[in-house]
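Per full-length UniProt numbering, numbering of the sequence shown is gapless, rising by one per residue and ending at 730.
Hints are computed from structural coordinates only; laboratory data are not their basis. Errors might be hidden in some of the hints.
[What the hints assert, rightly or not] Cross-link-like lysine to any residue pairs, in silico, SDA-like; alpha carbons within 25 Å at most:
{"no.": "1", "residue 1": "Lys637", "residue 2": "Leu566"}
{"no.": "2", "residue 1": "Lys599", "residue 2": "Glu520"}
{"no.": "3", "residue 1": "Lys681", "residue 2": "Ile591"}
{"no.": "4", "residue 1": "Lys597", "residue 2": "Tyr557"}
Nothing here was measured: the structure is a model prediction, and the numbers come from that model.
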Amino acid sequence: MGNMRIKKIISSLTYEKQIFVKLLGLVTIPLIVMGIISCNIYIKGENSKKQMALNSYSDEVSREYENILSTLKEYYIEAVSKDDIHWLERQEEPPFSMYSNLKQAQRILEGNYFMRRYIADYEFINVKFGWVFNKYGMFSFDKMKNRQETEQFLKEQENMLLSVYWLNRPGALSPMNGSMRMTDTVDSSGLRLVIKKEQGIGGLSWLLTIKIDKNQLNEMAKSYKMMGYDVSMIGSGEVLLETNPTMTNVYRNSGREGSGVYKSVNGDKYHINVRTEEISGLKYLVGYNTANVKKDAFVFIFASFAVLAGFALILFSIQLTAAAFAKPLRRLEKYVDDQDRQIKKLLVSNLIEGELNEKNIEEALKKSEIIPLFAYRMIAMICKSVPYEEEKIKEKYMAILSALPKALENDIFIAPVYYRDKLIFITGAQNDMDVDAKTAVLYKGLKDYIAESYGLVIASGISQPFHRLHHVRRAYSECAEALYNKSNKADMNNSTLVLFDDYLMKSQVGNVYDMIMENELIQSITSGKEEEAACLLNVIIDRMEIKNVVGIERNFYLTRLLTAMLNIPSSANISLSDVFDSEQYNILNSITQIYDKKKVISAVNDQIIKPIIARLIKKGQEGEESEIVRHAVALIKDSKGNLSLNDCAEKLSYHPNYLSKVIKRELGITFTDMAMEEKLKQAKYMLLTTEYSVAEISEKLTYNNVQNFIRFFKNNVGFTPAAFRREHRK
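With these hints in hand, go ahead and build the complete structure from the sequences.
Dropping the structure here:
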């Protein structure tokens with residue numbers, strides 16, 4: 001009955017509509033079946049890959065945490081057996097006057113350099129004699145402000161059978177007064193290593209607790225969380241760390257031990273690998289929710305419906321095209337003879353729609369005399385706030401495209417188009433590196449052109465690199481997804497950019513966005529915009545941290561950025577020695593050795609950006625020096641400061657008195673001072689960058705007596721040459 005009704009409805013349609021429905025039905029079923037099959041294949045393959053990766057990550061997690069926690073545990077077990085801790089144990093009252101003994105005990109309790117990163121604080125409680133020693137001071141039980149809570153805590157620990165164990169008290173509160181730790185208090189909150197000594201049946205003799213900085217442990221687990229794996233750590237029957245409480249509860253409530261598949265009450269399945277370490281007594285869980293894999297797989301089904309919708313749109317377009325072809329021949333001829341630019345735009349639009357196969361694309365490129373390239377990227381742009389009525393927005397976009405500068409048009413592959421309320425630009429090159437650089441230049445040029453010519457700010461999305469033109473449709477989808485990312489909507493007053501690479505949380509250091517930000521930073525420094533340069537530097541360093549760039553990769557990337565900034569003075573015909581002090585000859589090495597983000601940003605700002613901007617501004621204020629002064633300065637530098645006024649005047653064919661007056665008037669210093677400064681620069685440079693002895697440096701600077709050189713250097717610098725070298729090579 002239902003089939004007859006459907007046939008009756010179809011037969012009542014016009015011939016064109018019947019063809020449309022039949023073609024749509026012919027494509028619908030295979031697409032849906034293909035989507036379901038692809039979904040299942042993806043789930044099986046992804047589960048298999050994740051399971052293999054899970055084994056590796058489990059070993060890695062266990063190893064990373066054990067390196068820290070077992071080291072801490074072994075260290076403090078050994079520490080409490082030392083004489084300094086026994087000395088603390090024997091003190092019947094707080095030993096305020098025993099400074100050296102206390103200092104030594106404090107060093108032991110604080111741990112070594114490696115451990116301090118993971119230790120928040122410590123509490124040594126001498127229960128037998130009633131006093132406390134921690135990093136905030138020392139006090140007796142009588143002065144303790146949270147004595148009731150502390151005594152309850154001690155009573156609980158007295159009942160513990162183990163003498164060394166891990167303890168987690170997430171419900172306990174730190175004794176804080178606002179953001180400050182209260183004095184004369186004991187903190188028993190958080191994740192702690194507990195070591196205690198009992199005095200027979202009389203209860204505890206002393207108790208030592210070491211509070212672990214959970215932020216450091218959580219940071220280690222973040223990288224696994226970002227890859228789709230959850231981490232939990234269990235010790236002494238308590239949960240010490242977890243990134244997914246649900247997974248932890250599923251494991252603990254199952255009553256099972258060991259690795260395997262664990263099912264929650266709501267039906268979620270977790271693949272969990274369990275590692276138990278004997279040294280620390282800790283158990284590590286690493287797992288993932290299979291439901292997340294299924295969610296990712298549904299994209300294939302959604303893609304099937306998207307393709308189906310696209311096919312329906314194509315069929316509908318064919319209907320419209322057929323209707324257009326039915327119009328008078330003259331209009332058809334006029335359409336066919338349209339400008340080459342319109343044909344190219346149509347080609348781009350068809351590529352976006354996915355209507356052309358490789359053969360069609362090749363023929364279209366030949367007809368338009370376009371040479372295909374190896375690598376491409378697509379940029380999609382929309383104006384954030386267009387002060388026009390909705391129907392006039394397209395007119396404004398078309399005006400932007402029609403007035404594009406020639407330099408920008410030359411960087412665009414085929415032609416720019418207005419497509420579905422967006423400006424679309426494709427750029428290409430012979431390799432991925434060149435297309436990244438070209439995309440960076442094109443994006444900045446378009447952004448600046450739209451801002452300067454129309455006063456508009458834009459939101460932009462950039463696709464991943466692609467290597468075949470039939471992937472343009474995919475690139476458009478990537479651009480659209482990046483374009484409507486929340487990052488582009490957060491700031492409506494400034495132009496913003498999102499790469500599809502970053503939208504997928506890919507950690508590629510050398511991607512095009514970094515090059516754009518680098519170019520923007522160089523432009524800000526060159527323009528003397530100190531605050532803007534500081535903001536851009538902060539963004540670049542933040543991105544390095546977010547992408548987890550470390551080790552050699554970090555040093556390479558940071559060195560590249562610093563080198564680009566150090567090239568600015570050379571571009572302005574300014575010597576680096578005129579910008580930086582001699583002590584800064586090793587500036588690249590010193591900055592790359594700083595690993596604190598705030599300190600890196602501060603060092604680059606203070607030691608590179610500000611001096612360069614100051615020197616650029618100074619050069620602009622000075623104007624052009626006279627020809628005489630430039631030649632004199634050059635002679636002094638060439639001679640390394642070993643040049644007299646008379647010799648310089650003779651080489652320049654001027655009287656010494658005249659030359660001296662000109663230098664004093666234009667530079668504000670005497671010839672002798674200039675020569676002395678140059679000689680000092682050369683001396684400092686050789687002391688810091690060579691292994692020459694002081695005597696050899698003295699000889700190279702033409703001193704007859706090394707003592708004269710040492711005296712000259714100390715009088716002007718405040719250090720002897722040897723002391724200067726030691727101080728600045730630390």
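Pairwise hint evaluation, Ile591 against Lys681, where the allowed Cα distance is 25 Å at most: holds (22 Å)
Proposed proximity, Tyr557 with Lys597 (alpha carbon, max 25 Å): Holds, because 14 Å separates the two Cα atoms, which is no more than 25 Å.
Given pair status - Glu520, Lys599, alpha carbons within 25 Å: holds (22 Å)
Hint consistency between Lys637 and Leu566 [alpha-carbon to alpha-carbon, up to 25 Å]: Holds, at roughly 21 Å.
Figure legend: structure checked against the earlier numbered hints; every hint is met.
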